[in-house]
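Here's the letter readout for the chains.
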Amino acid sequence: MSDIADRVKKIVVEHLGVEEDKVTENASFIDDLGADSLDTVELVMAFEEEFGIEIPDDAAETIQTFGDAVKFIQEAA
Amino acid sequence: MFDLSGKCALVTGASGGIGGEIARALHAQGATVGLSGTREAPLRALAEALGERAHVLPCDLSDPAAVDALSKQAAEAMGGLDILVNNAGITRDTLFMRLKDEDWQAVIDVNLTAAMRLCRGAIRGMIKARWGRIVNITSVVGTTGNPGQANYCAAKAGLVGMSKSLAQEVAARGITVNCVAPGFIETAMTEKLTEEQKAGILGSVPMGAMGTPGDIAAAVVYLASAEAGYVTGATLHVNGGMAMV
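Just so you know, the sequences run in chain order C and Z. The first sequence begins at 1 in full-length UniProt numbering and counts up by one. The second sequence begins at 1 in full-length UniProt numbering and counts up by one.
What the hints contain is simulated information worked out from the structure, not anything from laboratory work. Model, not experiment: these values are computed from the prediction. No residue lacks a Cβ here, since even glycine has one placed at the ideal position from N, Cα and C. Don't take every hint at face value.
[As the list claims (entries may be wrong)] Lysine-lysine pairs mimicking DSSO-like chemistry, simulated, CA-CA at most 27 Å apart:
(1) Z:Lys128 with Z:Lys72
(2) C:Lys22 with Z:Lys128
(3) C:Lys9 with C:Lys22
(4) Z:Lys164 with C:Lys10
(5) C:Lys9 with Z:Lys128
(6) C:Lys71 with Z:Lys128
(7) Z:Lys72 with Z:Lys164
[Stated by the list, open to error] Here are some chain C residues the structure puts well away from chain Z; computed CB gaps all over 12 Å:
(8) Ile30
(9) Asp36
(10) Val41
(11) Ile53
(12) Asp58
All chains should be modelled from the sequences, with the hints used to inform the complete structure.
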C-alpha cells in the first residue's frame, strides 16, 4: 500500500475510531464507517492539513469512500 | 466556579458599554481577551486598564473580508480562540414605512452576517479542540418586536435561529452556542432617552429598574464556562422580567 494510503488510513482510523481492517478501498465513510456529515468535513480538514493541500467544497463532496480520498490526494499532492 | 484560565475569548463591540463589561468579566475569570470594535481608542484604553492577557483587534464589521480575517487574527494574537462573543450591534431605527434598503442592509450586515462569518471562522478550531463556546448577544426585541426597529429585530431574531442550528450541528463536538438577550440596559444608547421615555420604559419592567452591563456580562461568563457545558441552543433573557419568554 502506498504511503499516502497509509497516512489516509491512519487519519480515518483515529478520527472515526474504527478497526483498521474495516477501512477498505470501497468503504464509505458514512454508510460503512459510521461517520456523520460533520465527520466527513472534519476528515477533509485533516487530509488538507496532513498533505498540505486545499480540497474545495465541490471536490470534498465527491470524496465518499476511503478509495476516493486516496485517489483525490494522490492526484492533488 | 466559572474559571476561564487558559481560555481565549474574542469579544466584538468591546468599545461599547456592554461589550467592554463582557470583556472585563471574562478577563476577571482568567481568560485572555481579544477586544474588537471599530473605534480603536476605547479598545486601547480598555486593554491598558486590563493589563496582561488583553489584545486589541480593531475591525470594521461591515467589511466582509476584514471580518473573515478577524477570527484568524484573534487566534494568532491570543494563541487560540475558545470563546467567541458576538456582541457588536448597530441600530438604524426608523418607521417601517420609511425604512430604506441601506438601513435594512447595514443592520443585517453588522448584526447578523458578521456574526455568521465570525462563527464560521471560529468553529474550525473549536471542532479540532473539541471545546468551544459561542455566545451571541441578541435582544429582547428579537422576541417581542419593537416599533421602529424592524431591521434590528429581524437581525436579532436571526441570530437566535442561526445559533440554534449551529448548536445542533456542533453539539457532539463539545461546542455550545447560546444567546443572551438583554432588555433595557444602562448604556450610552439609553442615556439619550428623556426622563419621560425612561419612566415609560421602566413601567414595563417588573423590577422597576434598568439592567447594568454587568448583568449581561455575568450571563455571558456563565455560558462561556465549563459549568454551562450542557446548555446549548438556549437564549438567556436578562431583562428584569420585562418579557418572560
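Hints versus structure:
| no. | hint | result |
| --- | --- | --- |
| 1 | Z:Lys128 with Z:Lys72 | 15 Å, holds |
| 2 | C:Lys22 with Z:Lys128 | 24 Å, holds |
| 3 | C:Lys9 with C:Lys22 | 10 Å, holds |
| 4 | Z:Lys164 with C:Lys10 | 34 Å, violated |
| 5 | C:Lys9 with Z:Lys128 | 19 Å, holds |
| 6 | C:Lys71 with Z:Lys128 | 25 Å, holds |
| 7 | Z:Lys72 with Z:Lys164 | 24 Å, holds |
| 8 | Ile30 | 15 Å, holds |
| 9 | Asp36 | 8 Å, violated |
| 10 | Val41 | 8 Å, violated |
| 11 | Ile53 | 16 Å, holds |
| 12 | Asp58 | 18 Å, holds |
The structure does not agree with the numbered hints 4, 9, 10 stated previously, though it agrees with the rest.
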